[in-house]
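Okay, here's what each chain looks like letter by letter:
2 protein chains.
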Amino acid sequence: MAHNIVQARVDALRRLARRRAAGPLERAVAKSSPEDVAQAIKHLTLADTRFMMQHVSAEEAGPILLSIDEERFQFLLGALPKEQLIYSVEELEPDDAADLIARFPEDLQSLVLQGMDKEEREDVEELLAYPEDSAGGIMSSVAFLLNENTTCRQAIEALQEQGDIEMVFYLYLVNESDQLTGVTSLRQLLINPPNKVLRELANPDVITVGPQTDQEEVARIVAHYDLLAVPVCDDTRKFLGIVTIDDVLDVVREEAAEDMMKMAGMGDAFDPTGTSTLLAAKQRLTWLIVTALGGLILARVIMGFEESLAQQAVIAGFIPVIMGLGGGVGIQGATITVRNMATGHLNLSDGLKALLFRELRVGISMGIVLSVLLLVGAWFLGGQIVGLAVGISILVIVVASAIIGTCIPILLGKVGVDPAVATGPFVTITIDGIAIILYFSIATLLLNTLPA
Amino acid sequence: MAHNIVQARVDALRRLARRRAAGPLERAVAKSSPEDVAQAIKHLTLADTRFMMQHVSAEEAGPILLSIDEERFQFLLGALPKEQLIYSVEELEPDDAADLIARFPEDLQSLVLQGMDKEEREDVEELLAYPEDSAGGIMSSVAFLLNENTTCRQAIEALQEQGDIEMVFYLYLVNESDQLTGVTSLRQLLINPPNKVLRELANPDVITVGPQTDQEEVARIVAHYDLLAVPVCDDTRKFLGIVTIDDVLDVVREEAAEDMMKMAGMGDAFDPTGTSTLLAAKQRLTWLIVTALGGLILARVIMGFEESLAQQAVIAGFIPVIMGLGGGVGIQGATITVRNMATGHLNLSDGLKALLFRELRVGISMGIVLSVLLLVGAWFLGGQIVGLAVGISILVIVVASAIIGTCIPILLGKVGVDPAVATGPFVTITIDGIAIILYFSIATLLLNTLPA
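Chains F and U, in that order, give the protein sequences.
Residues in the first sequence are numbered from -1 upward in steps of one, following my numbering.
Residues in the second sequence are numbered from -1 upward in steps of one, following my numbering.
Same shape as in the complex, but just chain F:
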């Protein structure tokens, strides 16, 4: 219901930008949310995008710029007047402003920062110093902060004065050194007597994160404790800012999209529709070229078994099933491990040992079933030797793949590579190679020992 309205609005914006209908476009933009405009831009040419942005208010330009893809962003940096870019930052909250400025070229960064008033500049500069995917990088420095000795009446007055905070999630209390001492809610202000001191009605047991905490970890904590926001504090418990649940939702959605892209062997910063053909091809080619080179090496290895192939050409027919099952089991193991790492299970005292033994047990169970199935099938199709070679290989390969698939993400994590990469082509290529070599070695051994 709501979605159809969104779609109709987005479609209308696109049509007006394409038709270059300046007046109607300006009116339509004024009635739309920045999110709708950003959505419409995704399907416009660069020239139409520029036309659209020329008819957007300074207030809306910031949120739109924040959510468009890299290629259009770079184009607009050159195509829009510097003043519009600077204005667009000024209307944003410090956390969003920092995100936008971080994408500007250096000369524009200093220009924008110089144009800000001192307090806001300091806020933004502090935010720029934290890694993009840490709590510090996604936190907002604007939060409703009160001294713990404030009364309810004073708090309500403060709330009436501070008009610029769009959404008050919690009221955080600090002492004289800006250290977080408790948390309370707007509702408490309303249901307590006006002269009650906030310290007395606050909950002192606040869950916090550090500015360096990874954003996925922040998401986990917010979800685990059903929080609307989590405060970011330094080691001395000094209050630095808050990460709100709407930012967490964005993080989780982005990370999920990135993980899917990684599983499919595409770059983690991949935008499925926003980029040009050549750029998209380039991003997708990386793993495919690795696969191609790995495949060439494997071809050379298989050619080393030419003699066996000459004796029993049928052996070649089972290469696909050997690869398919090895890769399939390996990806299952890797995915389970990545999920376990993401949910923090492997940090538990004996998490890793339990997982490995479990994969071993599951691998052996699956290996036996698949081995019997394929031994019978291959024997029927290609005779005794091929049947035995396929059956034995499958048992070994399924068990090995389950273990290798489990270990690769852990090893990648240890050397600082994102384990999610392991759920993609990396694990498939590794296991394909091992599986094929195992299969041909076993087949050759059987050919040399058993009577044909």
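To be clear, the hints were calculated from the coordinates, so they are not data collected in a lab.
Heads up, some of the hints might be wrong.
Note that identical chains are pooled: a pair holds if it fits in a single copy or bridges any two copies.
[What the hints assert, rightly or not] Restricting the straight-line Cα-Cα distance to at most 20 Å, the calculated cross-link-like pairs of lysine to any residue (SDA-like) are: (1) Lys40 x Arg16; (2) Lys40 x His222; (3) Lys194 x Ile154; (4) Lys40 x Gln5; (5) Lys194 x Leu157; (6) Lys80 x Asp97; (7) Lys194 x Val172; (8) Lys280 x Ile401; (9) Lys29 x His222; (10) Lys29 x Asp224; (11) Lys40 x Leu75; (12) Lys40 x Arg7; (13) Lys80 x Leu44; (14) Lys29 x Asp9; (15) Lys116 x Ala127; (16) Lys236 x Leu126; (17) Lys29 x Glu89; (18) Lys40 x Asp9; (19) Lys280 x Val394; (20) Lys29 x Tyr223; (21) Lys194 x Asn145.
We have chain F already, so just place chain U on it with the hints.
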């Protein structure tokens, strides 16, 4: 920082349950959140799980039962006294209560419902009637609802009386027929004069969803408009309940986990650590057996080309690279399509056409690069005929895989199957088969026409 505390708590709970230390366990449980207890249970045996649940208060039992895996849940249904199960429901909010009751066997369901007071029973029964993954299924029927003619002072008084609403996100205004007419916030109550009527300060342009709206769609709307909650209304705009952002966050996290599992060819209801070895093996075997049977058919097909293989055994060496690239490109195309479907892009007027043409262009660009690379590599390794066969096949297969990968999720969606299944083994098996047949046909054609 916070996470280490969580871990220490969870580890302590597990140790105490294993040691059967009733007293210390009870004290530790009282100090922990239900989330921590649920986390600890994930790594306990069934017997230890029962012991743990026997030392949990009625208040905490509900949230814990809600988040444990199916196997442990079914065990506890038999192992815990019926009274404890009934109590555990009573302490929950109606939306959670409905979720928990839905998992009970029928006789227990009616027992529990009979024990509730009339109003709560009606709430829960209404919720039970909606599909589990719809807005109606995840909504909470408890929200802060006021008549639009209420004044700020009256609203504050109402808030002080209604103590059972733990978190007030927005104040929703309704007319005499319970139809939603506007929304406002707690903050507006505080900054406006006490005798102001809410209708005058409310925003009448409320974004809503219907009770049948899919939960992913609800998540998209909440994220798109940065909402903390979205009201659920029927066709006459009658207010039914709200879906809050913390429930949306859970939905997004669950769906992301499910999508990853589907990409790896595992069931969508798969719990990576909670299930027994045999159950896990069974869930994972489904696609592997399909892969095995597909592989046997493919083996038979390849054996049909035995004559070509006998002439040039080297041909077999390139089966892995043909399969790897075909499958890789196909999965990329399928993943991009699934992402586009999930974000709603394909609903736009010419979304599908644009995507298909784009995949065609990207496929041709990648096909040319990979084809040249492998033509040279294969020629060098296996001579002219193999080089040409591999080079030509790769060009055809890469373009075909890009298009097939894009189409499969759309076709699956049309026949009502979850498109995410296409990003897993389904697309790989289909494309592997097509790729191998194409490759052998082209190689045979070249062998019969070109001089060796």
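*Broken hints, by number*: none
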